[in-house]
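Enquirer: Dock chain B against the given chain A, drawing on the hints supplied.
Listed below are the residues making up each chain.
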Amino acid sequence: MVTVLEMPEITSPITVNQPATAPIPEVERGIIEIESVDFAYGTNKVLHDISLNIPPRSVTAFIGPSGCGKTTLLRCLNRMNDLIDGAGITRGSIKIEGLDINAPHLDVVDLRRRVGMVFQKSNPFPKSIYDNVAYGLRIAGITKRTLIDEAVEKSLRSAALWDEVKDRLHVSGYGLSGGQQQRLCIARALAVEPEIVLMDEPCSALDPIATAKVEELIRQLKEQYTIVIVTHNMQQAGRCSDVTAFFYLGRLIEFDRTTKIFSNPAQRQTEEYITGRFG
Amino acid sequence: MEGLADSRILIPARTKSRRTQAAIEQGIKAFFGGNALVAVIVLALITIFLFREGFGFFGQNLANLRLYRQAGLEYVDIIRATAAQHEALSRKLSEIRLRQVRVMEKRNAPLDEINAALASFDQFASAFSDTAENLHGLVSDLTEQASGLKERLFARAELLAQRSQLEQNGEHDAAAKIVLPEIDRKSAFDSLHQGAATFESVSAEMTAKLYNLLATAPPLPDPGGQKAFEQWKTQTREYLAGLPAASEKLRSWSPDTAIPWYRSISSFLFGREWVTASFWQDWYGIVPLLVGSVMVSLVALLIAVPLGVASAIYVSEVASRHEKRLIKPYIEFISAIPSVVLGFFGIAVVGQAVRAASQSSFFKWVSFFPISERLNIFTAGCLLALMAVPTIFTLAEDALRNVPRGFKEASYAMGANRLQTIARVIVPASLSGIVSAILLGLGRVIGETMVVLLCAGNRIAIPDFTQGLGTIFQPVHTMTGIIAQEMGEVVRGSTHYRALFMVGLVLFTITLGINYLAQKFVARFRMSIG
Numbered sequence: 045m046v047t048v049l050e051m052p053e054i055t056s057p058i059t060v061n062q063p064a065t066a067p068i069p070e071v072e073r074g075i076i077e078i079e080s081v082d083f084a085y086g087t088n089k090v091l092h093d094i095s096l097n098i099p100p101r102s103v104t105a106f107i108g109p110s111g112c113g114k115t116t117l118l119r120c121l122n123r124m125n126d127l128i129d130g131a132g133i134t135r136g137s138i139k140i141e142g143l144d145i146n147a148p149h150l151d152v153v154d155l156r157r158r159v160g161m162v163f164q165k166s167n168p169f170p171k172s173i174y175d176n177v178a179y180g181l182r183i184a185g186i187t188k189r190t191l192i193d194e195a196v197e198k199s200l201r202s203a204a205l206w207d208e209v210k211d212r213l214h215v216s217g218y219g220l221s222g223g224q225q226q227r228l229c230i231a232r233a234l235a236v237e238p239e240i241v242l243m244d245e246p247c248s249a250l251d252p253i254a255t256a257k258v259e260e261l262i263r264q265l266k267e268q269y270t271i272v273i274v275t276h277n278m279q280q281a282g283r284c285s286d287v288t289a290f291f292y293l294g295r296l297i298e299f300d301r302t303t304k305i306f307s308n309p310a311q312r313q314t315e316e317y318i319t320g321r322f323g
Numbered sequence: 002m003e004g005l006a007d008s009r010i011l012i013p014a015r016t017k018s019r020r021t022q023a024a025i026e027q028g029i030k031a032f033f034g035g036n037a038l039v040a041v042i043v044l045a046l047i048t049i050f051l052f053r054e055g056f057g058f059f060g061q062n063l064a065n066l067r068l069y070r071q072a073g074l075e076y077v078d079i080i081r082a083t084a085a086q087h088e089a090l091s092r093k094l095s096e097i098r099l100r101q102v103r104v105m106e107k108r109n110a111p112l113d114e115i116n117a118a119l120a121s122f123d124q125f126a127s128a129f130s131d132t133a134e135n136l137h138g139l140v141s142d143l144t145e146q147a148s149g150l151k152e153r154l155f156a157r158a159e160l161l162a163q164r165s166q167l168e169q170n171g172e173h174d175a176a177a178k179i180v181l182p183e184i185d186r187k188s189a190f191d192s193l194h195q196g197a198a199t200f201e202s203v204s205a206e207m208t209a210k211l212y213n214l215l216a217t218a219p220p221l222p223d224p225g226g227q228k229a230f231e232q233w234k235t236q237t238r239e240y241l242a243g244l245p246a247a248s249e250k251l252r253s254w255s256p257d258t259a260i261p262w263y264r265s266i267s268s269f270l271f272g273r274e275w276v277t278a279s280f281w282q283d284w285y286g287i288v289p290l291l292v293g294s295v296m297v298s299l300v301a302l303l304i305a306v307p308l309g310v311a312s313a314i315y316v317s318e319v320a321s322r323h324e325k326r327l328i329k330p331y332i333e334f335i336s337a338i339p340s341v342v343l344g345f346f347g348i349a350v351v352g353q354a355v356r357a358a359s360q361s362s363f364f365k366w367v368s369f370f371p372i373s374e375r376l377n378i379f380t381a382g383c384l385l386a387l388m389a390v391p392t393i394f395t396l397a398e399d400a401l402r403n404v405p406r407g408f409k410e411a412s413y414a415m416g417a418n419r420l421q422t423i424a425r426v427i428v429p430a431s432l433s434g435i436v437s438a439i440l441l442g443l444g445r446v447i448g449e450t451m452v453v454l455l456c457a458g459n460r461i462a463i464p465d466f467t468q469g470l471g472t473i474f475q476p477v478h479t480m481t482g483i484i485a486q487e488m489g490e491v492v493r494g495s496t497h498y499r500a501l502f503m504v505g506l507v508l509f510t511i512t513l514g515i516n517y518l519a520q521k522f523v524a525r526f527r528m529s530i531g
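Chains as they are written, first to last, in the working numbering: chain A, 45 to 323; chain B, 2 to 531.
Quick list of in silico lysine-lysine cross-link-like pairs, DSSO-like style, CA-CA up to 27 Å:
#: 1; chain 1: B; residue 1: Lys409; chain 2: A; residue 2: Lys198
#: 2; chain 1: A; residue 1: Lys266; chain 2: A; residue 2: Lys210
#: 3; chain 1: B; residue 1: Lys409; chain 2: A; residue 2: Lys139
#: 4; chain 1: A; residue 1: Lys171; chain 2: A; residue 2: Lys188
#: 5; chain 1: B; residue 1: Lys178; chain 2: B; residue 2: Lys151
#: 6; chain 1: B; residue 1: Lys151; chain 2: B; residue 2: Lys187
#: 7; chain 1: B; residue 1: Lys234; chain 2: B; residue 2: Lys93
#: 8; chain 1: A; residue 1: Lys165; chain 2: B; residue 2: Lys409
#: 9; chain 1: A; residue 1: Lys171; chain 2: B; residue 2: Lys521
#: 10; chain 1: A; residue 1: Lys171; chain 2: B; residue 2: Lys409
#: 11; chain 1: A; residue 1: Lys188; chain 2: B; residue 2: Lys409
#: 12; chain 1: A; residue 1: Lys266; chain 2: A; residue 2: Lys198
#: 13; chain 1: A; residue 1: Lys139; chain 2: A; residue 2: Lys266
#: 14; chain 1: A; residue 1: Lys89; chain 2: B; residue 2: Lys409
It is worth saying that the hints were derived from the structure and are not from the lab.
From a predicted model like this one, the values you see are computed outputs, not experimental measurements.
Same shape as in the complex, but just chain A (with noise of 0.2 Å):
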C-alpha cells in the first residue's frame, strides 16, 4: 500500500514504498528516482527491490543498522561501485533528473561530477589544501589560474573552513583537526558544482562539536544542492534532514518526511529501531 503525502516544506511529494511487493505508484518527479532495484555483490544479494524519490534541494537520510545497504545505495547514485569487481545492479533503474545513470552509453567522468560524494572517513589527499580543493577542477581541464583561484575560495566558503585556513592554503591538508579535514573534503566535493552531494556517515569519525559544525554545514548547503547522507546517529537524521529512509536487511521499510518517521514512524521495526530498541 502506497501513500502520497502533503509535503508543506518540499515541492515534490515523496513516496513512501512499503515492503518489497508493493507497487510501483505514479509520482511527481524527485531529482532522484530508484525504481525497484536490486544490487548483488557478485551472488551475494544485498538490496531488495528499493523504489524511492529522493526531492531536490533537501536533505534525505538513509538510516538502518550496519549491513542493511545503505551505504550500497549511497554509492550506486554515482556509480563507485564500479570500482568494485562483480558488484552491480541487478533489476530496476536510477535516474537522475530523468536519465538512466547505467544506461550503457552515460559519461560516468560526467555523472561523477554531478554527483559529488563525502567519505565516512576523511580523505584529503597528501596535497595542500588549495590543491585538495583545485584536485576537481584541475582533472576537468582547468588550467585559468584565476578561475581556480575564485573557484577555491568559494568552495571553502561554502564548506565554512575559508576563515580558518585562508592564510595556509598551500600546507599540507595532513595539518589540519579531523573535523577540518572533512569539511575540506566537502569543499573538494563543491568545487566542481554538483548538484547532489551523497555524503556517508561523514561525522562517524569526529567530536562534538566538529559534528556541529559539519551538521550546520549541511543545512546551509541543501539551499543550493540536494543532499543525501547516511548516518548512524538518530539524533542526527532527526536534526539535519527533511527526509528520511529507514532500511533494514537490504530492504526499504519506511520512506516518510523526517518529522513524521521520528513522532508517528507507520511501521513497527521502524519504530523500534528508532527507540533503539534493536539495531
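Expert: Relative to chain A, chain B alone:
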C-alpha cells in the same frame, strides 16, 4: 566440590611450580635472544674482519709506491709516457687513413686507386713512427735497469722482514745467518740518470725530424680527413712543445723524495689504473672498477625502472583479478632464476643477439655500430635489469597497493578517470615508496656478481666516454667481478689481497648508503599515506 572438579577439566590446574614456569620462560627468552645475538655477533665479526684486512692495504700500498720511486721505475715511466704519447699519435694517423679509405670506398673507387692516392700519406705515417725508434730503445734499456734494481731492493726487503721475524721469535742465530746483500744504489742511479742526457739528445733529434716532417706533410684528398689531419698536426706540435718539460722533470727527479702518506689513499680512490701481477709496477686504482659498476648499474636501472614501475602500476591499478593472478607470480618468479643461469643466457643469447643486431644493415645509421665486443656494459645491464625488475616490481606494487583506498575513491568520485587518478593521486602518494623500491633495486644490482663477471666483458679500463652512447657497448670490469675473479688467486696478506678487501669495503659502504636512503624514503612514504 563436584563443580570445581568439572572446571578443572576445561582448564587444567597448574601442575608446574612457579619456579619451573619461570625457568621455562627464561629458557625461551634465552633461545630467541641467543639467536639474535649470534646474528649480531656474526655481522660484527664480518665487518671487523673486512676493516682489519682492508685497512692494512694503505701501509702496504705506501711501501709499494715508495719502492716504485726508490727503484727508479717512476723515472723510467716519465720517458715511457712520452713514448706512449708518440704511439698514440701514430695510432691517430692510421685512424685518419681508415676514414679516408671509407670515404673513398663510398665513392666506389677501386682499391688500387685508393692506395695510390694515399701513398704519400702512408710514407709520411711510417716516417713519423720511425722518429720514435731511439726513444723506444732508450725506454727498454732503462726498463731493464730499473726492474733489476727493483728486484734486488724487493729481495732485500723480504730478507729484512724474514730476519726481523726470526728475531722476534728469539732465533737470533738464524737471524744473524741471513746476510743482506749490499745494493749500490748510487751507481745504479748514476747510470739511470744518464738516461736524462740521452733523452734530451734523443728528443732534440726527434723534434728536429718531426718539424721537418710536419713542414712536408702531404695534403689529403677529402676535406673531412684534411681537417682531422690538421687537428693531428696541432696535437703533434703540442706534444713536441711538451718534451722539454719532461726532460726538466727527469732532471729534478730524485729517488729520495718522500712520498706523503695520503698518496696511498688517493692513489686507491682516484687511481685510474688497476694493474696487478705485473712485472713492472702494480697499481690499485678503484676508478675503472667503480665506473664499470656504476655504468652497468645505470644501464640496468634505465631498463628496469620503467619495466618494474610500469608493470607494478598495471598490476595494482589496471589489471583484472585474473591478470593479477598471472602476472604477479610470473614476475616474482624471475628472481628465482640463479644468476649464473642468467649469465649463460646473457652470453649465449643477449650478447650474441645485440652484436648480430649491430651488424645488420637496419642499424647502419647508428654511428657506433657495428660493435666488436659481444660482452659489454649493455649486455650486463640488460641482464641485471632482469634481476632488478622483480625487486622493483614487488616493492613498488606494495607501495601502490598501500595507498589508502580513500584516495582512489575520492579521486574517482570527483570525476577523475583512471589515468588521472594514477598520475595525480596514486603515484604521487606512493612516490617515496617507489623511490625506495628503485633504490633497493639499485642495491641489488650493484652488489650482483655472477652476471657481471660473465657478461660485462671484464676489461679493466675506464670506458671511452667520447663515444657518447656508444660507451655502453664497451666492456668493463666491476668491483664485484674483480673480487670474485682475483680473490682466489692472491697470496693471503699481500697488497693485492688487501686491495681487494678495500674494494669490498667501498662496495659495502655504497650498498649501506643506498639501503639507508631507501629506508629514509620508506619512512617518508609511511608519513605521506598517513
